[in-house]
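Trainee: Residue strings, one per chain:
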Amino acid sequence: MIEAILQLLNPIAAYGVPVMIVLMLVALGGLFSERSGVVNIALEGIMVMGGFVGAMVIYYMTVTHDYPLQLAVVFGLISGAVAGMVFSLAHAFASVTMNSNQIISATALNLFAPAISVFTARTFYINPATRQATDKIIISASYRLNIPFLQHIPVLGRFLFTNAFLSTFIGLGVLVVVTIVFKKTRLGLRIQSCGENPHAADSLGINVYKVRYIGILLSGLLAGLGGATYLISFHNGFDGTVHGLGFLSLAILISGQWKPVRVFVFAVVFAFMYVIQSQYDSLALFRNLTLPRQIYQMMPYVMTLVILAIFSKESQAPKAIGEPYDASKR
Amino acid sequence: MKKLFLFLLAFGFMFGLAACGTRDDDVEKTKIALITDYGDIDDESFNQGTWEGILAYAEQHGMEIEYFRPAEVSDADYIDSIDLAVELGFGIIVTPGFLFQRAIYESQNTHPDVKFILLDAQPRDATGNFVVGPNTLSIFYDEHESGFLAGYAAVMEGFTNLGFMGGIAVPAVVRFGIGFIAGAYYAALQEEVELVFPNNRYDYLGTFNAGPGVETQAAGWFDDGTEVIFAAAGGAGLSVMSAATDKDAWMIGVDVDQSGLSERVMTSAMKALAASVQLALDSYYIDEDFAGGETWYLGAANDGVALPFETSRFETFTEAQYNEIFALLADGTIEVPATYAELVAFFEDLDILDLLLIEQDTVSPPPSG
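Those sequence lines, one after another, are chains R and U.
Take the first sequence: its letters are residues 406 to 735, numbered as in the numbering used here.
Take the second sequence: its letters are residues 3 to 371, numbered as in the numbering used here.
Pulled out of the complex, with its shape left as it was, chain U reads as follows (with noise of 0.2 Å):
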């Protein structure tokens, strides 16, 4: 008993200096980390375009970076990894990710002394408020309208038989699908050009890993008649591109540029992560005022999305085209869809609601389990 008891005073005293620990952060300002929610800093898109913006970032200016991989996908993992990166000196965190809501609402308040810069995701409580700290920075994209580029941008360029592949229905990668179905059919409208795009070429892999059954479920796709898919899917993309080159069709990337990765990119629905991230180091270094408790939505009119023209492989889409519905998004002309609701209404509005064959259920998942 009298062992038990010395046990649990030992014990608790552990905790006692640990929590002392977390009070009061010794962190580094010029250190920054990078950690992830899902998958690797070389997933060819999400994770690696952030990590690719801080890395171009801290070689400019002589910081010191490192990246951290939470052991699994969970609020404890997350919230373990941040505590280490704060324990090591790292003065900044970003987190990319829609899945570090809980812990960082957690971690801005048990670290107040470290920065956070949270990107498609705002920090929120336990009962669903979402609270973004004095010390937090979260950063939203308007997925929708670089999807709407992207949906766009295939029906102009002469493609009628659309698909849309996403990882997991995440709230970014929800935008982009709706995004890319009103972007197609805001183009067949104006070309009036009929589309093939049933329910059943609109899904969520349930992954943003590559793998054999994402390239086999690409490639029966196409061999059905699907011209282009669009793959919001992180490194799943890649199954995708293989996919394509295999079937001599085309596929659009996710996030960042990816038209180096494969001949069979036609273009990439980007979100300016690497752009909008240096923006934010800016404000903490440079200006000395970091945009804490700040939340910044970026879309087409503060350079927020955008289709990387330059390395596309368009050949009937011209530069002109795009530049004109960049411009109608940006000043507002055409305000896209971001819910199911809204393209519902969107699609009411050009009158061709009778045209839409993808369901709610598809698009937006009911919670399972």
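Excised from the complex, chain R in its bound form (with noise of 0.2 Å):
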């Protein structure tokens, strides 16, 4: 038992963690705008658009040129965020500057990224071999890394410092700062009360565009770079999708209460089961219960739902959230 619990060890560090981090960070995202009171269900689309720009930059720099891999990832993890950024500037403008519905704007990002990231692929890359336009930009390189000294670290070790991706260490540190914001700072403060009751927050003096501005800049900024993280993190390069990871995100964020800590918790959990829904049958455990594979295949999507219908008693979703500003309406 302990050594099939043990087994268990290696594809939790070895894709358990990147999948965990970029949910983390794409609904850590998605935390920032809906505590600011703008749903953002475009956290799919951005994480597209910031692994499309994170791939061009990384394709740039070790295939076109000869940059070292490791320098290639902070520039690709970089552009990556503010391309995220920049996208989600759309969603800003039609939904706090044109107080448009939140729901339509976002989605449209979703439709929209897809398609201008292939349409521009394909602008500019021809497959050498076919002699014809794509839309992969293969990166196929591994970015995985030791940490000398700190790899030897007993568990710790293993999961965080052997065949770990920058991005992780990057991850972790945006989880800090996200719960310090949070809890610590005027930001933090000014974007929650924002969610809560904007026209308080605005007879305060808080300009309450000012802040749902920042808070979708900062959640294009996340998702962005939880995009470049994804791409980095399963080395085939980019495709035109991120597989659904941005609507897990957003599960997550609803299931972990719009709170950092709680959401860290929910991405563990969620990656754990995503590690399962394709390894289960490698790993003893949970192939002598000898389940079908459809069970593990559903197992997150039940999981959310049942959380859900937990939670959804004593939701603390912000309570402005989804509600266009209307300063006239104080």
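Derived from the structure by calculation, the hints contain no laboratory data.
Heads up, a few of these hints could be off.
If you anchor each label on the Cβ, the simulated ranges turn out as follows [unchecked claim]:
| id | chain 1 | residue 1 | chain 2 | residue 2 | range |
| --- | --- | --- | --- | --- | --- |
| 1 | U | Pro-310 | R | Leu-696 | 37 to 47 Å |
| 2 | U | Glu-74 | R | Ala-538 | 53 to 63 Å |
| 3 | U | Asn-325 | R | Tyr-706 | 49 to 59 Å |
Since we're looking at a predicted model, the values are computed, not measured.
Each residue gets a CB set at the ideal place from its N, CA and C atoms; glycine is no exception.
Take the two lone chains and join them into the complex the hints point to.
Mentor: Dropping the structure here:
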């Protein structure tokens, strides 16, 4: 039994941790937007944009030119984050400035992102073998690295510092920063106040529009970073999709009741499920249960439904979420 | 009411015109189109192998080529793409893919002036009869022989812990898998080694596309002791390569020589996509006698399958051994099974039926829904 549990460590370290970081980054992104009162189901689309721009930068640095891999990763992550932020500006403009329906504008982003990225890729990239335009940006290198000394720490070294991604540490850093921002800083409290009672916030001199803009842009930044992280974690390059991880992040955000630490916990749980989903028949612990594969495949989604059902009674969603702010109604 | 009538009249007129348009096609012989059934032409395997064959041919003979990708995976969309290609004047249309069997049946009748080269399938009418029209050439490959060679090579190379990942259980992929099992056990019997190839190491992924799920699953198999995975899964093979790279394990590619894609590609179970299409084009352009109405079956006997020995990363399996086993397939001494029933018979003949752990439902899953 203990052996069977220890056997779990390996896939969790190799795939669970990167998936967890991606889910957490994107969910924390959603947190900024939703806490400021703007629903953001555009996370999936923003991730696609982040992954796309990150892929272009990494392709340029490692395939076209010969920069060191990890340097390319750094620039790829930064550019992915910036791209996500710029892209989310459209959502901010539509839902804050123009007071449009937040679901509609976010859906537009979700539909637009894969289309524009595939179109742009096809404009710029020619597959040398087929001599035709391609929408795949292949950057098939392994971006994993071992951290000297730290990788020998028992358990933790295996989890975090062996075959790790640079993005893992960035992700954990982001978690700490986001937690502090929401607990301790003025900006965090302002964002929350705009999500709970924007009219009250406005009466106290807070510019609701500005704060909501900041919330959405930060969510774009983190979702874009998450998209680029996803790209380097599974190294087949960009092919126009992030396989639904953006929507899963949304589920994590809601399950985590819009609280950073809880979001982290649920990201861990979902990442674990994600690994089990494709590895159940490689792990003695689960193989011996001889359940049909469909059970494992639906587990994350069933779990989402169950968790939402349980927490829906005491849901702590921001009170003003989804409502365009109209100063004249004060 | 009157307006409605006029509208219907105009509508009917348009359809009438469209119907006229398809009856007498104005196509050019030197324009070759390829239409994909699933995925893009840069899938690094089936579609791309076919495309590269056409590309090389076109460059050599100065033909005009283009490829089309239907909007969705459906007969209606396939037919739309074919109609579009015909409208643009393409005189010869190559359709790699089993899923084209219905669409080509329809199109070979509506476009009698257009030549069709259908790979992996025969045109099939609504009642399930196969009808290869006079303007259609069907080409099948003996994937089971290719898979056999791959399985044989893997075991002769010293690997005993094997896995198979197919894309979707279409006939060609199933044949690759069955051949792989047969080849592996044939070599194991010959070398007197014991194989680990349980039922849960034979799987259809449900996709031909790369993705994190495939990579994670392959990594799990490798962690659990699998040494080689044969991935007959188109682009999803890239994910298996990624996992093999991370785990320092091996994978076997499919359809075309995939050795250039990763250092961890041991060999590739090839089928002669490019060569066969070029042969078919030759029959049209050089012999001026298109092999319409025919069905070609290409296997070891007529160079339809092979392992790319030059680029394979074998250490103990020698070219002499490869040529030996290839000759046995080519002259029919070994009849490689192509269906599960034949696989069972194959194992019975070798008297090792008790070693076959992979079940019928795993290999040929019952059609769902």
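Trainee: Each hint: holds or not?
Mentor: Comparing the hints with the structure gives:
1. Pro-310(U) - Leu-696(R): 37 to 47 Å: Since Pro-310(U) and Leu-696(R) have Cβ atoms about 40 Å apart, the given range 37 to 47 Å holds.
2. Glu-74(U) - Ala-538(R): 53 to 63 Å: 20 Å, violated
3. Asn-325(U) - Tyr-706(R): 49 to 59 Å: Taking Cβ atoms as reference, Asn-325(U) and Tyr-706(R) lie about 52 Å apart, which means the hint holds.
Of the hints listed earlier, the one the structure fails to meet is number 2.
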